[in-house]
Structures are given as C-alpha cells and as structure tokens.
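Colleague: Residues per chain, in single letters:
There are 2 protein chains.
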Amino acid sequence: MKDKFFKYLHELQDTITSKLEMIDGSSVFKEDIWKRNEGGGGRTRIIENGAIFEKGGVNISGVHGKLPTSMESYFNVKNVDFFACGLSLVLHPKNPMAPTVHANWRYFEMYNKKGDVIDQWFGGGQDLTPYYLFEEDAVHFHQVCKAACDKHNPDFYLTYKNRCDTYFYNSHRKEARGIGGLFFDYCKSSQEISMSQWYDFVKEVGDSFLEAYVPILEKRVQLPFTKEQQNWQEIRRGRYVEFNLVHDKGTLFGLKTNGRIESILMSLPPKVQWVYDHQPGPKSEEEKLIRVLKTPKKWV
Amino acid sequence: MKDKFFKYLHELQDTITSKLEMIDGSSVFKEDIWKRNEGGGGRTRIIENGAIFEKGGVNISGVHGKLPTSMESYFNVKNVDFFACGLSLVLHPKNPMAPTVHANWRYFEMYNKKGDVIDQWFGGGQDLTPYYLFEEDAVHFHQVCKAACDKHNPDFYLTYKNRCDTYFYNSHRKEARGIGGLFFDYCKSSQEISMSQWYDFVKEVGDSFLEAYVPILEKRVQLPFTKEQQNWQEIRRGRYVEFNLVHDKGTLFGLKTNGRIESILMSLPPKVQWVYDHQPGPKSEEEKLIRVLKTPKKWV
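Residue numbers (the numbering used here), protein chains in the order written: chain A, 1 to 300; chain B, 1 to 300.
A portion of the hints provided could be inaccurate.
[What the hints assert, rightly or not] As a list, the in silico EDC-like pairs of lysine to aspartate or glutamate whose alpha-carbon atoms are at most 20 Å apart: (1) B:K256 x A:E175; (2) B:K271 x A:E234; (3) B:K35 x A:D277; (4) A:K271 x B:E228; (5) B:K256 x A:D277; (6) B:K227 x A:E48; (7) B:K188 x B:D155; (8) B:K256 x A:D248; (9) B:K271 x A:E48; (10) A:K271 x B:E234; (11) B:K294 x A:E262; (12) A:K256 x B:D165; (13) B:K271 x A:E228; (14) A:K294 x B:E262; (15) A:K227 x B:E234; (16) A:K174 x B:E38; (17) A:K256 x B:D277; (18) B:K94 x A:E234.
By construction, these hints were calculated from the structure, which means they are not laboratory data. As the structure is a computational prediction, the values presented were derived from the model and not from experiment.
Okay, chain A solo, but in the shape it has when bound (with noise of 0.2 Å):
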C-alpha cells in the first residue's frame, strides 16, 4: 500500500505543478530535493512572485525510522517503526478576489520490532480560504469535493465538511480559517471498508483538486482590484498566519520534531500584515466574509 500511494502521490504532484505552471505562465516551481537524517526525504517544489500566484508549495515527502519519541506519548505506542507520506499544497495567488487553497493527502504506518505492520491509516482533505466572498465558488468547491465523496459512501461528504469546518477554526478569533471543504483523518480498515477502498477514496479526492480549484482561480483573476483590498488580503493572510502557527496539529508537529523548517513554512503567505482592532465597514463585502466565517454555511 505505501509503495502504490506513494507513487500516486508523485504523479499526482507532477500532474498539479504542470497544471499550475501552465497556469502561471510567468513563473515555474523550484525544486528543492532533500534527505531526512533518520530516513527518507521529499521533493518541496515552490512557486514565488508568479504572474498569478505570489507564493505557493506543492510538496511531497516519505519519512520512515524509528517513531520519534514525542510522537510516541501522541499515539500512545513505545518502541515502534513508522512509516509516513504525504502531499501537502498551500497557493496563494496575487490577487486578492482569487482565494488561497490548501490540500493535504497522507498515509501513515507502523510496525513492531519484527516489521509487521501494527497499524495503516489515510488522513487529507482540502479547504478553501478566500478575502472576498463569491457565494457561487464556495458551491462550485463544495460540489467537486460531495462529488468524490458520493461516489464512495453517501455519508463522507457532510461528516469531512463538518470536520473541515471544526478543524480549521481559529478558535482565539471564534471565526473559520476560510468557508472549508474535506479534511479526514485516521482512515482505517473496518468490516465496512477496506484499506484499498480508502485508498481509492483519498485519490478520488486528489484527483478532483484541480477541478475543485483551477475553476475559480482562472475566474476570479481576471478581475481589477485596488490597494485596500490587497491590505484586506494581507490582514486576512494574518489570520492563516495565526490558524497555522497557534492551532494547525502538522505544522506544530513539524516544527516540534526537527521536521524540515523550510517545507512545512512553505504554508505561510507571502506578505501580511496585522492592524490593530481592524473592523471591516458595516455592509462592506469584507464584513460580509466575516459573517459566513462566524457561521460554517451548508453550500451544497
């Protein structure tokens, strides 16, 4: 299983950074290849000051050794080998009617002393953060996202949205990072399902990402914006800032563990700033954006 979704996983890379490049039209990704002390390494590729994207990461890495000891209290196991991969993607385009995205797919094992795999998950999703809000991308997001759920079990959708949406809360701000999307986590066999059909699952997911995505970057590029809406972008970019360094669990992992700095900070947009007290205008459309993030929407 970690051999087949690990080769997915690059593929599956190659597939989006080709697409994004193409894209772009102005900037490539940089590849950065880089090797784990303890075992394994990944391939960070990263996209900055592009015609359409500022910033932006498509990364994949697959790590394995001896389960460091923090993560050991974590899942509660001593003494054991593991084995991770995973693509993480966070994009942050230029202009500030196009919203920031972020997905995530992972498989995670671990084994006993003798090598037998004791136990196998999937974990991912994708979420979608944007500064302005058009009501018809939050539906068009959440009809790709229910449509790679449905085709596998009629309840996955509403139960990752939902997670999506109390996962990705910036519970300081009582707000939601953004209007969500899937996110999934510990996906095991069961009498129900099997590991091959969660696999199948997590890459019908990743396949939809372009589709879920691309159509509303190449829309809402087009459009003219002014300096207050990029300030607006850079204040909101705070509020990721602050979701991915108080709250986000992979992040703090990461950087707790001697991770790769540079590949898990790849998340952190490009140009922020934090105003003190900022309020949007009573009826402004910033305000607008704030009142759905109070409130998670039911958009399919």
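Add chain B to chain A, keeping to what the hints say.
Modeller: Frame of chain A, contents of chain B only:
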C-alpha cells in the same frame, strides 16, 4: 503589594507613552479601556503609522477572579482565586536600522477561599530585537540592564540575561529571537529577599526601560535605508511572529484562555514577509546578525 505595584504600572505606562509620543512627533497613542467579564480589565494604548513607530503597544491590565481551569493544572492548584497585573510593551519602528523592543513587568497573587494570599510573585524583563546589528547598541542595552540588576544583587544580571537567551529562542530555527536582555519569573520571597525587595528590583528595571532603549532608537532612526533593507526587516519580523505564536507562553496562554485578543496580538509586527528558504549573502550585514543570533554573546 498589588495596589502599590498596579499603581506603579499606571504611572509607568503614562511616563513611557508620553515620552514615545514626544519622540514620534507625528502619531499619538490610541487608548482602549476594556473590561474582563470575570473581573478586572485593562488600558491598551496603541500607536500606528507614526513617523518613527510603524506600530507599537504599551498595555496594562489587572485581572482577578476564580483561577481559570486551564491555569489550575499549570500551577497545580485547585479552586483558588487570583489577581494578576502587568505592563506589556512592544515597539516596531519603521526604520530597519532601529531595533524592535519588548518589555513586560508583572505581578501575580493566589488566594484560598478565606481570601488569604497563598502565593505571590513578580516576573518580567526587557529584550531587544535588531534587524541590523550595531554592537554598541547591544552593549548599551545590556549595560543599562546590568546597572539596574547590580543595584540589587550581583548575580541577577548574569542569571536573568541567560534566562532571556534561553526563553526568547526559536528552537525550530535554532536561533535567538534577538540579542536578549533580561527575563525573570517566579520571583518569590525567601530568606534572602522579601517581596518588598523584589518590588524595588522590578521597579528599578521598569524605570530603566527608557534609558535602555531611547538612545538607541534616537540614533538609528537618523540612518537612511533601502527597500532591500526593509524587505529584510519584514522577513525577520516573520521570525518574531513565529516566536510569539509558536513558543511564547504568555501569548498562547492569553489566546487559549479567552484573553483580550487585540491587546495580546498587538505584539505582532505591522508588515511581515515569508520568503521560501531566504539566505542572506555571505559576509553581508544580514548574515552577521544571524551569526550572533545562532550563538548568544556576552555583551558586558
């Protein structure tokens, strides 16, 4: 003690904000008085878009009531009341030649149900975060810190200088946040030193703040700077954000216990950049700073 110290903090806030307004000459502090539902409140003073200060806050607060559950396990107590007051300041000058400064002085008391004080302590410190290293500035700042300490105990300076280097450390970057200063906590009465003597010491440090920082600021804001140097400042400010959101106990505690978010996050810089894998040129002024942050120096 609590009334005496809180009164001192009010006066110190006035002294500091009037001096800083005089220096800025263009912008003034905006004051927000806020109340905490569970007891107490604060007086937040923020300056933005000044001639000298791009952003800064000099805040006091005094809060009391039942100790929040999240703090009970931290202090290993149950069902106690508390009082806490403090002054926190962070100043982000516009000119990248001038350093950011942070200071905090605080006092904490806990009571049993009869209202007896069962524990009490002071904490605080002040530290400097330059974007370009002027060794004479670091020496001046530490000299003032040392002089304040030496009036009270010959060991204080070295002890609290080292704690500052240890505390304000971005472990995920393996570098200090800045060039340090003082950091002390849990300053409790003992056979050697009474609470009243701790008060005198903390007041000495508080009173030394303007002398430690203002001469540096006034000298450096005279210097010209380029767009590239400003970019470097904004990239380094990203490390400041990383420390405050990932490692700073005070910030995280505030965010997770329903503190006044805007007063807590006033510490975040106004404009920030994250550039993938940014490396200063060899033997550049930027690299010189990094070298010192990797290995904290003895300045006096």
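Colleague: Each of the hints needs a verdict: does it hold here or not?
Modeller: Now the hints, each set against the structure:
Proximity of K256 (chain B) to E175 (chain A) is assessed by CA-CA distance (about 14 Å); at most 20 Å being required, the pair is judged to hold. The straight-line distance between the Cα atoms of K271 (chain B) and E234 (chain A) is roughly 9 Å, inside the 20 Å bound, and the hint therefore holds. A threshold of 20 Å between alpha carbons decides the hint, and for K35 (chain B) with D277 (chain A) the separation of about 16 Å falls inside it, so the pair holds. The straight-line distance between the Cα atoms of K271 (chain A) and E228 (chain B) is roughly 15 Å, inside the 20 Å bound, and the hint therefore holds.
Proximity of K256 (chain B) to D277 (chain A) is assessed by CA-CA distance (about 19 Å); at most 20 Å being required, the pair is judged to hold. Distance restraint check for K227 (chain B) and E48 (chain A): the Cα-Cα separation of roughly 19 Å lies within the 20 Å cut-off, and the hinted pair is therefore satisfied. At most 20 Å may separate the alpha-carbon atoms for a hinted pair to count; K188 (chain B) and D155 (chain B) meet this at roughly 16 Å. Taking the CA atoms of K256 (chain B) and D248 (chain A), the gap is about 14 Å. The hint holds against a cut of 20 Å.
Taking the CA atoms of K271 (chain B) and E48 (chain A), the gap is near 18 Å; set against the 20 Å cutoff, the hint holds. Proposed proximity of K271 (chain A) and E234 (chain B) is supported: the alpha carbons are some 9 Å apart, at most 20 Å. A hinted pair counts as satisfied when its Cα atoms are at most 20 Å apart, and K294 (chain B) with E262 (chain A) qualifies at roughly 17 Å. At roughly 19 Å between alpha-carbon atoms, K256 (chain A) and D165 (chain B) fall within 20 Å of each other, so this suggested pair holds.
Between K271 (chain B) and E228 (chain A) the alpha-carbon distance is near 15 Å, which keeps this suggested pair within the 20 Å criterion. A threshold of 20 Å between alpha carbons decides the hint, and for K294 (chain A) with E262 (chain B) the separation of about 17 Å falls inside it, so the pair holds. For the suggested pair K227 (chain A) and E234 (chain B), the alpha carbons sit about 19 Å apart, so the restraint of at most 20 Å is met. Of the pairs offered as hints, the one joining K174 (chain A) and E38 (chain B) holds, with about 19 Å between alpha carbons and a cut-off of 20 Å not exceeded.
With a C-alpha separation of about 19 Å, the suggested pair K256 (chain A) and D277 (chain B) falls inside the 20 Å cut-off, and the hint holds. Only pairs whose Cα atoms come within 20 Å are accepted, and K94 (chain B) paired with E234 (chain A) is accepted, the gap being roughly 18 Å.
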